[in-house]
Amino acid sequence: MFTTIPGSDLPYHVKTSSKITVVGVGNVGMACAQTCVTEGLVDELALVDIQADKLRGEMLDLQHAAAFLPRVNIMADSDYAVSEGSDICIVTAGARQREGESRLSLLGRNLSLFKSIIPQLVRYSPDTILLIVSNPVDILTYLSWKISGFPPNRVIGTGTNLDSSRLRFLIADKFDVNAHNVHGYMVGEHGDSSVPLWSTLTIANMPVLSICDKDGVKYSRESLQELHKMVVGGAYEVIKLKGYTSWAIGYSTASLVKSLLRDQRRIHPVSVLAKGFYGIDKDVYLSLPSQLGRAGVLGVASVQMIEEERRKLHESSETIWDIQNQLQI
Amino acid sequence: MHSGSRFLRQASSRLLYGFGRSQLHLRPGFTLSILNSSMSNRQDEGLSAFARRMHASGTNLEQHTPNSIFSRIPGSEIPQHKIKHSAKVTVVGVGNVGMACAQTMLSAGLLNELALVDVLEDRLQGELLDLQHSAAFLPRVKIVADTDYGVSADSDICIVTAGARQREGESRIDLLDRNVNLFKKIIPELVRHSPDTILLIVSNPVDILAYVSWKLSGLPPNRVIGSGTNLDSSRLRSLLADKFEVSALNVHGYIIGEHGDNSVPLWSSLSVANVPVLNFHDKKGVQYNKETLEEFHKAVVKSAYEVIRLKGYTSWAIGFSVASIVKSLLRDQMHVHPVSVLANSFYGIDYDVFLSLPAQLGSAGVLGIANLPITEDEAQRLQNSAKILRGMLDKSKMQ
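Residue numbers (the UniProt record's numbering), protein chains in the order written: chain A, 1 to 329; chain B, 1 to 399.
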């Protein structure tokens, strides 16, 4: 059912106390930090950013919540030494999408930033798992993998975890069920060329293409495309209205952190080294349904794809590969 | 009417250990007889739907004996049977504080329905969508938003965070007049759509605005609460927890009075693992007397200003604080929180003013105020706190 990523280094023993570092205390970073803390996932939290005042203010605000939370050690510094010994390093730093700007165009602005961030994280936590959130997430995760020299199971991008969840919510709404009873993945690029796997999307274990929603509407692939557009457009819409997204990505990241730290062996569509899977022959990171545990990506699920889905996945990988080449990563 | 000397003796012996010869000041209370007569008259008048849900046999209010732990706020309307609720909360104001409150309540799984109200349409819609996109990670919740208060109908709790926020260096009192006018628009709308709701005021200056909300709403005082010193007390407990290297859950104590520069830390009832802190000598010979403890209090008062100076506003801590209050209300926890309540008749305060006292919270709102003995000195500070707040009210556009 699962295939390990070639080059993986999967250890046998794991330690018990948990520390995570969040790099970047903007809206996304703080939503991730606060949600992880709220869910009782960490014993230690380190925040790193270059803006000293904002960093200290955010640290204090979280520390002031101490009496409402299980005991957590919260620290912050612009010096990466504070991140030492982290089980997971979450990178949210970088320029964010402006209104109407695609994730790929952010890339140039974030390349050099990552060249200064990743080596520092690796230096202080050589055994850590890197979890990249900054956009464009697939390319920046690939970059992080290259710079860090880590085995690929320890470098992950948040990828389409949130997109898939958004899709499941929209479908759950249409069919009047709980989102937890909708099972399905969006794979490929976290962005405009993402691929919804309709052929394996089920509601209460029934294929979505075979049942009617609460209004008696039976869905075809075309009408489902509308839902896909809504998911892809979802982030742009939130950015246009409130300037950025934060809450949803915070919950999404926390769910990944939980699966990793608590060795949940749970499947998430996240950005992983995709070469060798589904006929992809390029050195790219993109989202595939992956099993996550304490050692990182334990394997990629062998979800059946129909020809059209495979083709779209390849197109997704070509898009990413082209850009990586253009920017000579 | 003072309670009998038996209570005084019991209270003294409880507190003399480690405190030396502190003077005890008792809370002069209204007795049940006064409450009873006012309640029985009410039954013939037009009662709110809320009050009509009271037990048919009349006013079975608990006996207010001198030894009771809690005393009702005069004017409270507290039904006898379980209040059914749907766990719907409205948050007015989707700024940093409002959204932190909303998101923390969602994370805590407290709600079946969340309504957001604000005047800024785009921001409101954006925050709504961002939360809705989180749906797959949360238990099923209905999340709605509108500039029209109709969306808030039938809320169990209405949380008001709207209003100008403190500028750097600005005290909470300076915000006052900017916010009173805003509340004149907000509060009547909330009550119109949710006549049975509990109002939870967060906007600063919270004690004044809680009073304003009470006046504007016409609700009984048990259903109007300010977030008050709930967070201040928690900050104090965390600081002491760090100092004594224990969990904050094992530090017991309250800051009461004004949520602000004139708050009153109750050193006389502060304990760590039930060991009184006042005049405690630690291993290094450090004595925790009023002077050394005052440093902790100062740190608490300063802390919000510091966060505002550094990041522009506070959000996470107040979000958690409000969620803890909401949990006690929605889940009928009967948990005691220092929150801003109508303090008339408590601790020598004999006029209408809202300030924080240790209040037991449940689904009917403020079930009662703890009859916590405090020292003469603490009572004096509390009364000063009350005088200052009453002074502000007299000067403001609210009578």
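If you are wondering where the hints come from, they were derived from the structure by calculation, not from laboratory data.
Model, not experiment: these values are computed from the prediction.
Treat the hints with care, since some could be wrong.
Unchecked claim - If we take Cβ atoms under 8 angstroms as the criterion, some of the chain A residues that face chain B in the derived model are:
id	residue
1	Q34
2	D53
3	K54
4	R71
5	G108
6	R109
7	P119
8	Q120
9	Y124
10	P126
11	R166
12	D176
13	N181
14	M230
15	G233
16	Y251
Stated by the list, open to error - Some residues of chain B that are not near chain A, with every Cβ distance over 12 angstroms (derived):
id	residue
17	G75
18	G312
19	D394
Unchecked claim - The list that follows gives simulated cross-link-like pairs (lysine-lysine, DSS-like), each with its CA atoms no further than 25 angstroms apart:
id	chain 1	residue 1	chain 2	residue 2
20	B	K298	A	K229
21	B	K185	B	K215
22	A	K115	A	K146
23	B	K185	A	K240
24	B	K302	A	K54
Cβ atoms here follow ideal geometry from the backbone N, Cα and C, with glycine treated the same way.
Against the structure, the hints come out as follows:
For Q34(A), the shortest C-beta to C-beta distance to chain B is roughly 6 angstroms, which falls under 8 angstroms, so the interface hint holds. Interface hint status for D53(A): upheld, as the beta-carbon distance to the closest one in chain B is roughly 5 angstroms, under 8 angstroms. This hint holds: K54(A) has a C-beta 5 angstroms from the nearest C-beta of chain B, less than the 8 angstroms allowed. With a cut of 8 angstroms, the hint placing R71(A) at the interface with chain B holds, because the nearest CB-to-CB distance is about 6 angstroms.
This hint is violated: G108(A) has a C-beta 27 angstroms from the nearest C-beta of chain B, more than the 8 angstroms allowed. With a least beta-carbon distance of about 23 angstroms to chain B, the hint placing R109(A) at the interface is violated under the 8 angstroms criterion. With a least beta-carbon distance of about 28 angstroms to chain B, the hint placing P119(A) at the interface is violated under the 8 angstroms criterion. Taking 8 angstroms as the C-beta cut-off, the interface hint given for Q120(A) is violated, the closest approach to chain B being about 23 angstroms.
At a threshold of 8 angstroms, the smallest CB-CB gap from Y124(A) to chain B is about 25 angstroms, leaving the interface hint violated. The beta carbon of P126(A) is not positioned within 8 angstroms of any beta carbon in chain B (closest approach about 31 angstroms), and the interface hint is therefore violated. Annotation: interface hint on R166(A) holds; nearest CB of chain B at approximately 5 angstroms, less than 8 angstroms. For D176(A), the interface hint is violated, since its Cβ never comes within 8 angstroms of a Cβ in chain B; the closest pair sits about 11 angstroms apart.
Checking N181(A) against chain B by beta carbon gives a least distance of about 10 angstroms; that is not within 8 angstroms, so the hint is violated. With its C-beta approaching chain B no nearer than about 10 angstroms, M230(A) sits outside the 8 angstroms limit, and its interface hint is violated. About 11 angstroms separates the beta-carbon of G233(A) from the nearest beta-carbon of chain B, more than 8 angstroms, and the hint is not met. At about 4 angstroms, the closest approach between the beta carbon of Y251(A) and any beta carbon in chain B falls short of 8 angstroms, and the interface hint on this residue holds.
Residue placement check: G75(B) keeps its beta carbon more than 12 angstroms from all beta carbons of chain A (closest about 31 angstroms). For G312(B), the condition that its CB be more than 12 angstroms from all CB atoms of chain A is violated, with the nearest at approximately 7 angstroms. Interface exclusion of D394(B) from chain A stands, the closest Cβ pair being 33 angstroms apart, more than 12 angstroms. Between K298(B) and K229(A) the alpha-carbon distance is near 54 angstroms, which puts this suggested pair outside the 25 angstroms criterion.
A C-alpha spacing of about 13 angstroms is found between K185(B) and K215(B), which places the hinted pair at or below 25 angstroms, so the restraint holds. For the suggested pair K115(A) and K146(A), the alpha carbons sit about 10 angstroms apart, so the restraint of at most 25 angstroms is met. As the CA atoms of K185(B) and K240(A) are separated by approximately 29 angstroms, the hinted pair breaks the 25 angstroms bound. Proximity of K302(B) to K54(A) is assessed by CA-CA distance (about 17 angstroms); at most 25 angstroms being required, the pair is judged to hold.
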